[in-house]
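Undergrad: So the protein lines, in turn, are chains X and P.
Residue numbers for the first sequence follow this note's numbering, so the first one is 1 and each next one is one higher.
Residue numbers for the second sequence follow this note's numbering, so the first one is 1 and each next one is one higher.
Treat the hints with caution; some may be incorrect.
You can't tell identical chains apart in this list, so a pair holds if it fits in one copy or across any two.
[Stated by the list, open to error] With a cut-off of at most 30 angstroms between alpha-carbon atoms, the simulated DSS-like pairs for lysine-lysine come out as follows: (1) Lys115 / Lys189; (2) Lys180 / Lys91; (3) Lys180 / Lys115; (4) Lys204 / Lys166; (5) Lys184 / Lys166; (6) Lys166 / Lys180; (7) Lys166 / Lys115; (8) Lys101 / Lys166; (9) Lys115 / Lys184; (10) Lys204 / Lys115; (11) Lys101 / Lys189; (12) Lys101 / Lys184.
Rather than coming from a laboratory, the hints here were simulated on the basis of the structure.
Computed from a prediction, not measured in an experiment: that's the story for all the values here.
Chain residues, written in single-letter form:
Protein chains: 2
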Amino acid sequence: MSSTNPPIRILIVDDHPLLREGLSSLIAGQPDMQLVAEAENGEQALQAFRDHQPDITLMDVQMPMMNGIDAITAIRAQYPTARIIVLTTYKGDMQALRAIKAGASGYLLKSMLRKELVETIRSVHAGRRRIAADIATEMAEHVTDDELTARECDVLRLVAAGNANKEVAARMGISEETVKTHMKNVMTKLGARDRTHAVVVAMKRGIIDI
Amino acid sequence: MSSTNPPIRILIVDDHPLLREGLSSLIAGQPDMQLVAEAENGEQALQAFRDHQPDITLMDVQMPMMNGIDAITAIRAQYPTARIIVLTTYKGDMQALRAIKAGASGYLLKSMLRKELVETIRSVHAGRRRIAADIATEMAEHVTDDELTARECDVLRLVAAGNANKEVAARMGISEETVKTHMKNVMTKLGARDRTHAVVVAMKRGIIDI
DNA sequence: TCCCTCCTCCCCATTTCGGGGGATTCCAAC
DNA sequence: GTTGGAATCCCCCGAAATGGGGAGGAGGGA
Chain X
1 MSSTNPPIRI LIVDDHPLLR EGLSSLIAGQ PDMQLVAEAE NGEQALQAFR DHQPDITLMD
61 VQMPMMNGID AITAIRAQYP TARIIVLTTY KGDMQALRAI KAGASGYLLK SMLRKELVET
121 IRSVHAGRRR IAADIATEMA EHVTDDELTA RECDVLRLVA AGNANKEVAA RMGISEETVK
181 THMKNVMTKL GARDRTHAVV VAMKRGIIDI
Chain P
1 MSSTNPPIRI LIVDDHPLLR EGLSSLIAGQ PDMQLVAEAE NGEQALQAFR DHQPDITLMD
61 VQMPMMNGID AITAIRAQYP TARIIVLTTY KGDMQALRAI KAGASGYLLK SMLRKELVET
121 IRSVHAGRRR IAADIATEMA EHVTDDELTA RECDVLRLVA AGNANKEVAA RMGISEETVK
181 THMKNVMTKL GARDRTHAVV VAMKRGIIDI
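Using the sequences plus the hints, can you model the full thing?
TA: Following this line, the structure appears as structure tokens:
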């Protein structure tokens, strides 16, 4: 952090201009950091990363065109050492887990204090990881749970859209009995009391987006 | 907007420091606007409004302590001419409707462009109203719908939490038949295909918060 | 006062869920 | 090559939800 070190070169990826503005002026006030580029979706992020090779990328998750998770995956496929910090409003533990699995080094909430954010940037730049405490807590509560399989998610999404088991079966080209089996497993895995509760829990945890 | 006019005095209310930062630097760049105070929840907003009597208040909806709707109601109870613009991430048409009924003059999304925001501030200051186009569209789609009654919302919330009709009845101290009647009405009003769908629709439209 | 909405309760018939059980196939990993 | 998970399908059965009907009382506003 001494003034002889080169500054931490930062890329911001967020579709909210106001938030980019806030991040930008925050970074401008840190002598050891430098904003090198901004992007407002995953595709732009990929291009900006290629062009500028930032030390740290601050990335939102929900964006148009290409979401943050896919962008992280794409960037890390080409640049496996990229250091990416996800910065988002709260969307359940599963989204955080997916981001981390995709290669994110940090997961922070937009409601955090400026001080914590700049500390996290320095921390991640130094090679550490940082997950917001409440997200980490929630993730820890579910580490023993089985995750939903792709098929179970498919069923759950159709159920959330108002389809009865029979309709889900027809749409998926499987038997109603199979749909019932999937829903039984979903409810058990999510600790839900019925299908309605299962959908609510899955939405809150970021397992399905409706 | 001539330089001889006094600047528009603005209060920012948002629990995200980063977003306040962004708004602040945006306003700083407008010669006809001046930031007079910031608050990070409804209670602080009330105090700040009393202290500074801003021309325009930019207010988020979801905040800890006291939410934006209650804050708008409280402010307008004391200062009926207060001009308040709601600035939020998308949360369904019902939240917007509630804000407007509480007395908001504008309802904007945080994803909007800077230019639109400053134009809206000037516009509202001049006495006009401004609702984001997509929110206005969605609100228009539901103007003919009956709103859910308080009791119907209570039932729906308990259903969303995984309670069967019988359990809802026990918790509310009414008969299961009454719960069924409420759910029938809820599903009809929301155009939902079953109880699960009703909960999803209500969550998407901001009718219930889970 | 009358009218309307909301809340409340009831009946009926049918369909759908939910919780048991078990079973097969396939594929990938160990 | 065996083991295990995932996906598929089947049975039974009681409980719950759905959809149709009707109806009374309380309260607010025209």
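Undergrad: So, for every hint listed, does it hold in this structure?
TA: Quick rundown of the hints versus the structure:
For a Cα distance limit of 30 angstroms, the shortest separation of Lys115 from Lys189 qualifies neither inside one copy, at 38 angstroms, nor across copies, at 47 angstroms. Within a single copy, Lys180 and Lys91 get their C-alpha atoms as close as 28 angstroms, which meets the 30 angstroms cut-off; across copies the closest is 32 angstroms, which misses it. For the homomeric pair Lys180 and Lys115, neither the shortest alpha-carbon distance inside one copy (50 angstroms) nor that between copies (52 angstroms) is at most 30 angstroms. Taking the shortest Cα distances, Lys204 and Lys166 sit within 30 angstroms of each other both inside one copy (26 angstroms) and across copies (25 angstroms).
Taking identical chains as interchangeable, the C-alpha atoms of Lys184 and Lys166 lie at most 30 angstroms apart whether they share a chain (15 angstroms) or sit on different chains (21 angstroms). For a Cα distance limit of 30 angstroms, the shortest separation of Lys166 from Lys180 qualifies both inside one copy, at 9 angstroms, and across copies, at 23 angstroms. In this homomeric assembly, Lys166 and Lys115 never come within 30 angstroms of each other (Cα to Cα): the closest approach is 53 angstroms inside a single copy and 50 angstroms across copies. Taking the closest pair of Cα atoms, Lys101 and Lys166 never come within 30 angstroms of each other, the shortest separation being 35 angstroms inside a single copy and 42 angstroms across copies.
For the identical chains of this complex, Lys115 and Lys184 are neighbours neither inside a copy (46 angstroms) nor across copies (51 angstroms), given an alpha-carbon limit of 30 angstroms. Taking identical chains as interchangeable, the C-alpha atoms of Lys204 and Lys115 lie at most 30 angstroms apart only when both belong to the same chain, with a minimum of 28 angstroms there against 34 angstroms between chains. Taking CA atoms no more than 30 angstroms apart as the test, Lys101 paired with Lys189 passes inside one copy only; the shortest distance there is 20 angstroms, against 41 angstroms between copies. Only within a single protomer do Lys101 and Lys184 lie at most 30 angstroms apart by alpha-carbon distance; the minimum there is 27 angstroms, versus 43 angstroms between protomers.
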